[in-house]
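S.K.: These protein sequence lines map, in sequence, to chains U and Z.
For the first sequence, counting from 1, position 282 maps to 282 in the working numbering; every step adds exactly one.
For the second sequence, counting from 1, position 86 maps to 86 in the working numbering; every step adds exactly one.
Simulated from the structure, these hints should not be mistaken for lab results.
Do not take every clue at face value.
One copy or any two copies: either way a pair holds, since identical chains are not told apart in the list.
With a cut-off of at most 30 Å between alpha-carbon atoms, the simulated BS3-like pairs for lysine-lysine come out as follows [stated by the list, open to error]:
hint : residue 1 : residue 2
1    : 189       : 75
2    : 189       : 118
3    : 189       : 78
4    : 96        : 177
5    : 174       : 189
6    : 80        : 189
7    : 189       : 43
8    : 49        : 189
2 protein chains.
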Amino acid sequence: MITIGLDMMGGDYAPLEAVKGAAAFLADNAAETMLVLIGDEEKITTVVKNNPLPRAQYTIVHAPQIIEMHEHPTKALKEKQASSIAVGFQLLATGKIDAFISAGNTGAMMVGALFSIKTIEGVLRPTIGAYMPRENGSLGLLVDVGLNADCKPENLNQFATLGSLFAEHILKIKKPKTGLVNLGEEEGKGNLLAQAAYPLLKENTHINFVGNIEGRDILIDKADVMVCDGFTGNVVLKLAESIYDIVKRRNIEDEHFDRFNFETYGGVPVLGVAKPVIIGHGISGSTAFKNMINIACRMVTTDLSGKIKASFE
Amino acid sequence: MITIGLDMMGGDYAPLEAVKGAAAFLADNAAETMLVLIGDEEKITTVVKNNPLPRAQYTIVHAPQIIEMHEHPTKALKEKQASSIAVGFQLLATGKIDAFISAGNTGAMMVGALFSIKTIEGVLRPTIGAYMPRENGSLGLLVDVGLNADCKPENLNQFATLGSLFAEHILKIKKPKTGLVNLGEEEGKGNLLAQAAYPLLKENTHINFVGNIEGRDILIDKADVMVCDGFTGNVVLKLAESIYDIVKRRNIEDEHFDRFNFETYGGVPVLGVAKPVIIGHGISGSTAFKNMINIACRMVTTDLSGKIKASFE
């Protein structure tokens, strides 16, 4: 039995979309998963009444406080011990849930992940990636997308390992091609960071390094895992997100560009912390929640954390 | 009379597209411009025979050598003194032409600009920007897009001044809104570079600073001049270029996305060098050449170099 903790108070449409997402997930998945719905019990119960969930597959853990989106992460987590995020991390740390998902305050989720779960030994900096839709229908992973604005070469090298393990076990890509985002293709190109990271990636036996990739390669399938500092990655991600908005404003109907709707992906895990933690987009809808629960399950069943641990030994 | 030097041997379609572009430009512009066509005289003459130019508005300066795209810039410039690029810079340095345009070897153009024309006093690093098409039909300027992979805060601050002057005098945008590309909107966000650049931009009296802009703001008109290091800018530019390719592959017909065809823009000037120099895309077609000649003319008539000089005094 896998037990997934879900913050019901996080996100702009809480708790309705989280409940709907849970229902959609449970409809597809038989008895092997238990969902722990964390948040205001009364509010959750009311919503569940209208959106029923199979009784044997969920429990509610009451957490009366909410960390709002604008609150200071560390301060809020400390002062709101009964918040859904704080309670979620307590459950995760004590092994009562196997994974924790929230679309709430990103900063509070990060602080919770780093301090109550801790990083895997050897991982210098955990990272967050984002999916990049490619024309062949698959998803690539861009990593980091904002958690680490300033990076050292070894950070990028570790992001490559973390991203490759995620791509292999969660996205099910065999020997994921791993590329270094750069301003030119040739070895030796780049800013100082990319120049210094290249030889480390080349020597990294945990990854299938395919060399430098350029901006024009991010939306094709030249590499499955695309490594960069969090500043560059964040600018790229938000630019890619804005393409969907432009396409919609211009009334363009296109299957491929529909996949630029990043809201449906929900979020990707914090890679490098000891247990599965997924931070969702604030505007996550039910599909996003369903997808996040699915990914959390896969992280638990494949023991991604254990595999990361082994790679960093 | 404005005299514009045009490298006829640069670019993938030399000299045909350059001649066509010159013809298109001269068809719109009366007697005030003289074009100096630099390159292999025989080849140019042959092409001009089939694509006639008004006899009073051009001369040919014979330059029998060509610097190929793959050649080492410094070495090639030194060894090929009779190449179209070397001759172009000789003409520019000695005042025989007012501006020089080439779609040839970018590195050789940069070396030529920096060493035969030199930077304007006070400019630490010249920069190259790129247009960003926005939905309202206007163009923004992203600067730097690859010339300066690693930057110091003062470099970004100078790019802001250089980009603003270009936007004001060449793109004719009054008090161009100037933004710092960053991973968040709030002051204090960013990597170390952006954090340190922000206060400099805020204090810069030569620009109309509007604060941080995010990746999602690059393709809208939140800022007219968008400042970043050349690594980030290069990745963004090439990603934006690839959007056009995807749109075309998917047979999407859309006026706005047609403006993502960066080939038509031709190129933007090297900002910060003492005289107007424009480096074009290798695949420049006739429209690109025409646009580059137009911009070069505007740079001369508005005395952009003089205005930059005054801002850095």
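S.K.: All the hints need checking, so say for each whether the structure fits it.
M.R.: Going down the list of hints, with the structure as the test:
no., hint, verdict
1, 189 - 75, "between (43 Å within a copy, 19 Å between copies)"
2, 189 - 118, "between (35 Å within a copy, 25 Å between copies)"
3, 189 - 78, "between (45 Å within a copy, 23 Å between copies)"
4, 96 - 177, "neither (36 Å within a copy, 53 Å between copies)"
5, 174 - 189, "within (28 Å within a copy, 37 Å between copies)"
6, 80 - 189, "between (48 Å within a copy, 25 Å between copies)"
7, 189 - 43, "neither (55 Å within a copy, 35 Å between copies)"
8, 49 - 189, "neither (59 Å within a copy, 43 Å between copies)"
Taken one by one, the earlier hints fail for this structure at numbers 4, 7 and 8, listed in ascending order.
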